[in-house]
Amino acid sequence: MKIIILGAGQVGANLAESLVAENNDITVIDLDAARLVLLQDRFDLRTVRGHAAHPSVLKQAGAEDADMLVAVTQSDETNLVACRIASTLFNVPTRIARIRSNDFLGLEPGFLAEQFGVDDVISPEQEVTDTLRRLIEHPEALQVLDFAGGKVRLIAVRSYHGGPLVGHELQEIKRHMPDLECRIPAIYRRDHGIVPKGITVIEPGDEVFFLARKQDIPSVMRELRRMERRVKKVMIAGGGNIGRRLAAQIERDYDVKVIDHNKKVSNLLAEQLHHTLVLQGDATDEELLEQENIASMDVFCALTNDDEDNIMSALLAKRMGAHRVIALINRSAYVDLVQGGEIDIAISPAQATVGPLLSKIRRGDMVAVHSLRRGAAEVLEVVVHGDAKTSRVVGRRIEEIDLPDGATIAAIIRNNDVIIAHHDTLIEAEDHLIVFALNKRIIPKVEKLLQVGFGFF
Amino acid sequence: MNLIAPLITLDTTLLDISFTSKKKLFEHAADLFAQTRGLKASDIFTSLFERERLGSTALGHGIAIPHGRIKGLKEACGAFYRLKSPLEFDAPDSQPVTLCFILLVPKDANERHLQILGELAQLFGDETMRTQMLDAATPSDLMGRLESWSS
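If you read the sequences in order, they're chains A and B.
Sequence positions in the first sequence follow my numbering and run 1 to 457.
Sequence positions in the second sequence follow my numbering and run 458 to 608.
Derived by calculation from the structure, the hints in this document are not laboratory data.
Predicted model only: the values in this text are computed from it and were never measured.
Among the hints, a few may not be true.
[Said to hold, decoys possible] With a straight-line cut-off of 20 Å between C-alpha atoms, the simulated EDC-like cross-links for lysine to aspartate or glutamate are:
| id | chain 1 | residue 1 | chain 2 | residue 2 |
| --- | --- | --- | --- | --- |
| 1 | A | LYS360 | B | ASP592 |
| 2 | B | LYS481 | A | GLU430 |
| 3 | B | LYS564 | A | GLU430 |
| 4 | A | LYS360 | A | GLU22 |
[What the hints assert, rightly or not] To give an idea of the interface, some chain B residues facing chain A are shown, with a C-beta separation under 8 Å as derived from the structure:
| id | residue |
| --- | --- |
| 5 | SER478 |
| 6 | LYS481 |
| 7 | THR514 |
| 8 | HIS518 |
| 9 | HIS524 |
| 10 | LYS528 |
| 11 | ALA578 |
| 12 | ARG602 |
| 13 | TRP606 |
[Said to hold, decoys possible] Pair ranges (Cβ atoms, derived):
| id | chain 1 | residue 1 | chain 2 | residue 2 | range |
| --- | --- | --- | --- | --- | --- |
| 14 | B | SER597 | A | GLU77 | 50 to 56 Å |
| 15 | B | PRO549 | A | PRO178 | 41 to 47 Å |
| 16 | A | LYS214 | B | THR503 | 53 to 59 Å |
| 17 | A | ARG414 | B | ASP468 | 44 to 50 Å |
| 18 | B | PRO549 | A | GLN115 | 25 to 31 Å |
| 19 | B | LYS497 | A | GLY9 | 35 to 41 Å |
Note that CB positions come from ideal geometry on N, CA and C, so glycine has one too.
Next up, chain A with everything else stripped away, as it sits in the complex (with noise of 0.2 Å):
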């Protein structure tokens, strides 16, 4: 596919990383030059230097020809502009524009589309806050994902020397909880990827992927861990964007702190915020945190717009006996450096973006993508259509289904149902399919697999 990307920052950078990969046409829109040359060096794309949305600089990027457009400059309004041209100059296909703001996200649902041409909306702030909220529901999680608007979780867990996982045969564990109904769609030990089997043992450091309803997860990760603490305090760093959406999320159900440098800012929180206490000051002042009892904190997330700050008091915090820490970082060389070391959690911004973004360029019907392990692996949830005939999935068996080495069908979305996917389950149309790519290498089979055939109207 011809693919324009508008804006050469993290998220533009990173998506067209994963678009390249796919064998797509791409194009990338930025002002900044140096931007430009850095991603020129590293992929094989075209870059056009200008105001993305400029009609001239769009034509010289060929708007005339793309099937789509992205805009995830760092402006909505220049992200608005730019769909809106592209809509009626060039009558591109499809335009996703990232935007920010809540005074446009909040605007009805279709406004954006009739007067901006925008076919879909993407917000980054929006997708962190939600991984957020999530971490902070299941603490021992290292990463959760939903599907079916939440009717199913998939959660990645680290076994432990000495925890309940540890030693046993998977088999056995399904016998543990013979009602409670969990797949196990894959384990990362030492970095590679296994599909597990019965027989398969867990061992000490291994990422376990499960999945079940959203329901049975607690029951589930009783089994296979000790039960954690829940959590009631949260104290959040840095109260911009991400910090202040979240913090209005989880007021009601913890007990959260906010801290912020900025005066005016913790003055205006503290408006909005009813059931938060804000705190003036710097969430790398040792004294400050000693003070708020950071301590008994059950989670520490340090959400300012500054890597470093975050990465350094998130590290302090932890010394300082904060249960679980969570870092935003924005730089993607850094998440790698920084997870799995003193920092519970890294998210990148950028990385939480790229699933929903590829999941609306992607062909099929696919409703999520989740990018996982920093883009090497992946999960899809997809509605597969046609009869036997038309598509090679429908209307066959799971163990019938020319899967490739590394995917697994882990659970099957079927009006609204969950049904939690066994070898001799019967694919109907339809249907939304939970597949888990256990690498990146076989994601372009998985996608054939799943597209209608031909004789498909």
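For this one, chain A is given, so just place chain B on it according to the hints.
Leaving out everything else, chain B in the frame of chain A:
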């Protein structure tokens, strides 16, 4: 008589025409059908694109048969394109497309439309026929060859 020949006319048989992208081809087809059938060009364009997103309609051997359901269309109709410069279509054999038959059917596609699609696949799968279509000198020559084909 086969099911294919009646779908196209001299107006909708275009030989050695050039497009810079699949999008341009679909835009051309949408305008063409809008004129000849009195349909809304944007409906046709969207329908073809959406179908293509669910899975490529390229068959390999340089053939593609994009198709879509169109609201307000009374009976199936088609357009034949022989492309001067082959277009990328994400084909199973990764070959770019030279021969393209665009098929539109009414919103409620039925058994007969599936038959048409099946016959199209058969016709374009026939190697002799493919050579003939590549060799045809004029639109009427090509239509003649289509008419004399039988499954």
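Using the beta carbons of LYS214 of chain A and THR503 of chain B, state whether their distance is inside 53 to 59 Å or not. 36 Å, violated
Checking hints one by one. Is HIS524 of chain B an interface residue toward chain A, by the C-beta closer than 8 Å rule? 7 Å, holds
Given a cut of 8 Å on the nearest C-beta pair, is the interface hint for THR514 of chain B held or broken against chain A? 6 Å, holds
Would the stated hint for ALA578 of chain B survive a check requiring a Cβ distance to chain A of less than 8 Å? The hint holds - ALA578 of chain B has a Cβ within 8 Å of chain A, the shortest such distance being about 7 Å.
Given LYS481 of chain B as an interface hint, is the shortest Cβ-Cβ distance to chain A below 8 Å? 6 Å, holds
Taking only the CA atoms, is the gap from LYS481 of chain B to GLU430 of chain A under or equal to 20 Å? Violated - the C-alpha atoms of GLU430 of chain A and LYS481 of chain B are around 31 Å apart, more than 20 Å.
Is 44 to 50 Å a correct range for the gap between the Cβ atoms of ARG414 of chain A and ASP468 of chain B? Because 46 Å falls inside the window, the suggested range holds.
Confirm or reject the claim that PRO549 of chain B and GLN115 of chain A have a C-beta distance inside 25 to 31 Å. Given a distance of about 40 Å, which is not inside 25 to 31 Å, the answer is violated.
Interface hint check: LYS528 of chain B, Cβ to nearest Cβ on chain A, cutoff 8 Å. Holds or violated? 13 Å, violated
Have a go at the SER478 of chain B hint: is there a Cβ in chain A nearer than 8 Å to its own Cβ? OK, holds: SER478 of chain B within 8 Å of chain A, min 3 Å.
Do LYS497 of chain B and GLY9 of chain A keep their Cβ atoms within the hinted range of 35 to 41 Å? Given about 38 Å between the Cβ atoms, the range holds.
HIS518 of chain B as an interface hint toward chain A, with CB separation required under 8 Å: 13 Å, violated
When the structure is compared with the earlier hints, violations turn up for hints 1, 2, 8, 10, 12, 13, 16 and 18 and for no others.
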